[in-house]
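Respectively, the protein sequence lines represent chains A and B. Under my numbering, the letters of the first sequence match residues 5 to 444, in that order. Under my numbering, the letters of the second sequence match residues 3 to 304, in that order.
Hints may be right or wrong, so weigh each one.
What the hints assert, rightly or not - Result set (DSSO-like, lysine-lysine): computed pairs, CA atoms no more than 27 Å apart in a straight line:
| # | chain 1 | residue 1 | chain 2 | residue 2 |
| --- | --- | --- | --- | --- |
| 1 | B | K300 | B | K106 |
| 2 | A | K30 | B | K204 |
| 3 | B | K53 | A | K30 |
| 4 | A | K30 | A | K57 |
| 5 | B | K163 | B | K300 |
| 6 | B | K53 | B | K204 |
Read the hints as simulated data drawn from the structure, not as lab findings. Please read all numbers here as calculations on a predicted model, not as lab measurements.
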Amino acid sequence: MPPVEDAVDLTSAAAAEAAEIATARKDILRIATAGSVDDGKSTLIGRLLYDSKAVFEDQYEAVERASAGGDYVNLALLTDGLRAEREQGITIDVAYRYFATPRRTFILADTPGHVQYTRNMVTGASTADLAIVLVDARKGMLEQSRRHAFLASLLRVPHIVVAVNKMDLVDWSEEIYEGIRDEFTAFAAKLNIPDLTVIPISALHGDNVVTRSANSPWYDGSSLLHHIEHVHVASDRNLVDSRFPVQYVIRPQSDAHHDYRGYAGSVASGVLRPGDEVQVLPSGLTSTIAAIDGPRGPLEEAFAPMSVTVRLADDLDVSRGDLICRPMNAPRVEQDLDAMICWMTDEPLRPRQRIAIKHTTRTVRAVVKELQYRLDINTLHRHQDADELGLNDIGRVRLRTTQPLFVDDYARNRVTGRFILIDEATNVTVGAGMLTPAHG
Amino acid sequence: MSTPDYRLSQLETLEAESIHVIREVAAELERPVLLFSGGKDSIVMLELARKAFAPARIPFPVMHVDTGLNFPDVLQFRDRRVRELGVHLIVASVPEAIAQGLVKEEPNGSRNRIQTPVLLDAVEKHGFTALFGGARRDEDKARAKERVFSFRDEFGQWDPKNQRPELWDLYNGRIHLGESIRVFPLSNWTELDIWQYIAREKIAIPPLYFAQERSVVERQGMLYEVNEFITPREGEQIRRETVRYRTVGDANLTAAVLSHATTVEEVIAEIAVTRMTERGATRGDDKVSDAAMEDRKKEGYF
Numbered sequence: 005m006p007p008v009e010d011a012v013d014l015t016s017a018a019a020a021e022a023a024e025i026a027t028a029r030k031d032i033l034r035i036a037t038a039g040s041v042d043d044g045k046s047t048l049i050g051r052l053l054y055d056s057k058a059v060f061e062d063q064y065e066a067v068e069r070a071s072a073g074g075d076y077v078n079l080a081l082l083t084d085g086l087r088a089e090r091e092q093g094i095t096i097d098v099a100y101r102y103f104a105t106p107r108r109t110f111i112l113a114d115t116p117g118h119v120q121y122t123r124n125m126v127t128g129a130s131t132a133d134l135a136i137v138l139v140d141a142r143k144g145m146l147e148q149s150r151r152h153a154f155l156a157s158l159l160r161v162p163h164i165v166v167a168v169n170k171m172d173l174v175d176w177s178e179e180i181y182e183g184i185r186d187e188f189t190a191f192a193a194k195l196n197i198p199d200l201t202v203i204p205i206s207a208l209h210g211d212n213v214v215t216r217s218a219n220s221p222w223y224d225g226s227s228l229l230h231h232i233e234h235v236h237v238a239s240d241r242n243l244v245d246s247r248f249p250v251q252y253v254i255r256p257q258s259d260a261h262h263d264y265r266g267y268a269g270s271v272a273s274g275v276l277r278p279g280d281e282v283q284v285l286p287s288g289l290t291s292t293i294a295a296i297d298g299p300r301g302p303l304e305e306a307f308a309p310m311s312v313t314v315r316l317a318d319d320l321d322v323s324r325g326d327l328i329c330r331p332m333n334a335p336r337v338e339q340d341l342d343a344m345i346c347w348m349t350d351e352p353l354r355p356r357q358r359i360a361i362k363h364t365t366r367t368v369r370a371v372v373k374e375l376q377y378r379l380d381i382n383t384l385h386r387h388q389d390a391d392e393l394g395l396n397d398i399g400r401v402r403l404r405t406t407q408p409l410f411v412d413d414y415a416r417n418r419v420t421g422r423f424i425l426i427d428e429a430t431n432v433t434v435g436a437g438m439l440t441p442a443h444g
Numbered sequence: 003m004s005t006p007d008y009r010l011s012q013l014e015t016l017e018a019e020s021i022h023v024i025r026e027v028a029a030e031l032e033r034p035v036l037l038f039s040g041g042k043d044s045i046v047m048l049e050l051a052r053k054a055f056a057p058a059r060i061p062f063p064v065m066h067v068d069t070g071l072n073f074p075d076v077l078q079f080r081d082r083r084v085r086e087l088g089v090h091l092i093v094a095s096v097p098e099a100i101a102q103g104l105v106k107e108e109p110n111g112s113r114n115r116i117q118t119p120v121l122l123d124a125v126e127k128h129g130f131t132a133l134f135g136g137a138r139r140d141e142d143k144a145r146a147k148e149r150v151f152s153f154r155d156e157f158g159q160w161d162p163k164n165q166r167p168e169l170w171d172l173y174n175g176r177i178h179l180g181e182s183i184r185v186f187p188l189s190n191w192t193e194l195d196i197w198q199y200i201a202r203e204k205i206a207i208p209p210l211y212f213a214q215e216r217s218v219v220e221r222q223g224m225l226y227e228v229n230e231f232i233t234p235r236e237g238e239q240i241r242r243e244t245v246r247y248r249t250v251g252d253a254n255l256t257a258a259v260l261s262h263a264t265t266v267e268e269v270i271a272e273i274a275v276t277r278m279t280e281r282g283a284t285r286g287d288d289k290v291s292d293a294a295m296e297d298r299k300k301e302g303y304f
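Based on the provided sequences and hints, a complete structural model is requested.
Written out as structure tokens, the structure is:
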């Protein structure tokens, strides 16, 4: 029978330190990992969680019991959460993990690596600030590593870390590390990866995961944890183009707030301030921001991803799906959309198909006008003769919508440049889209 | 509140994300309801809902599935909070469902499983299409897998191997008649985030969450308060201990933990160094198997 855990001594130095770390003001970094158990992905996550003390004793004991008989406690068992995953030893769907250091808190989307679960990997990577791509040092760059790097770049994850794992199994060979690093860097040059870092690690033994390892004196970069704690993300967001999609109209209709009419939503990009001259789309009417209400009252400014309520000086007709921007810096008002699509269902996407599209807070109908090409995500070859996109395929399409959308290119604005596709018969989300510049 | 580099703190980021989710549901789904038990997570969720629509009222009712095994403190708190906010409270009662023969009491006395049919019955009766729950992904490994908008079929069942893809913050709330969406605005919050937010926003919580001396018995390594729901079994010694509750579930199955914390700040200090998970330390009902939560969720549990 387990003993009852003792009460924490609140006067101890450890408690004081922990409380200080816990209450420090920190920001959040969202990370996605991709890979399968064979690459050591789960072991790496287990290691990060364990060494940052995000694994609790009861969880660890359960893992210890389950890995009885092996030489090591199988940290991989900390992550796979579904019965089917544990039975098959694979990751099927995204799992979210949480850990923190004194500098940052991390939300880690642990995503599957197999090609048949690409849609789940895309789900996990869509919100990431940083993606970790695992490469087995013994095998070098595989098709799978290329695919993961490509998907991260397609989704415009701003920072990519290649973790060259199992370095202990190649005797910490500098040549092997450099070979993989150079090959990956050459491949990345063909993609859109603004920040690439390659780190040699052993997830099993913890080398270069939390602290620098004595086994790699030739490596002068940071440990993985140090890197993700310090990576600079402030400039990743668009603070230039003010975009505020109206999500919900707040009208209290009470005596105390008789004339209150506020437009609630999340700031997509840019900075909004009271006094700003603004334009409302699609009407094109202009007004001035009278006030911005945040969760704790009036604000001097609002920026992404804050959820606020904007009040305008003039009584305009504004509803959900409208967009507030600056008159001299408006998004494109478009019915013809060119986009890269990641298709996520068995029934293929074909030209002339009708579909619903959800973009910011606006949902409209669309028809697939043209499939321009299907991309081979392993070779990056464009198959221009493709006549459909199957499950997990990626391709470029042109859509025509029944109503205009207010769009920017995904490369410039991750919020107003993205959309999802919904099958109107099944209601299932069947695709993810990223807008590209029109090309004739 | 802004910083020169326009970064939000972790609590501000989580708050913004939750408010976005709550507003999206109110905008897209016809009949939402928020599950409110008077426990700390649902208190924070209700506070976020208040902020999402202020200065207007919360535009949907709240519902409590009352197992009949609730701590009286918590029920009092529930009723007071609902009055303060002027929201409508719907109570779906498990004891009534037992009396009507809708469900049968389980031999072990746990009403954890039988509350699911009562929940589903109330959902059908009121025609709710979206149900806000205060579950967090850090609570359990099955929950770690669940989407923010979790689609449920007409039987309220979760199909973990066939979840809708969920991209960015573009949530898909489309359903057919009879189907519903479970929505988890606190998905990305951890236990510590909840407590820090309670401290920061000075949110009132039931007194149970703070340490006080209580009469307890030790059962399978956990301490249960002796009260109308727990009577000592043969061989169990009643003793006095200073304890607090880390979670608030059914009073017959929720254990207390040894503690000296009498303020929110002290609770945070304790949680920051504790080496046991919230559910592992306090819930008899989660110890059944490695997949206890996954199995219950497939049946329609939250």
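In ascending order, which of the hints set out earlier in this document are inconsistent with the structure?
Violated hints: none at all, because every hint is consistent with the structure.
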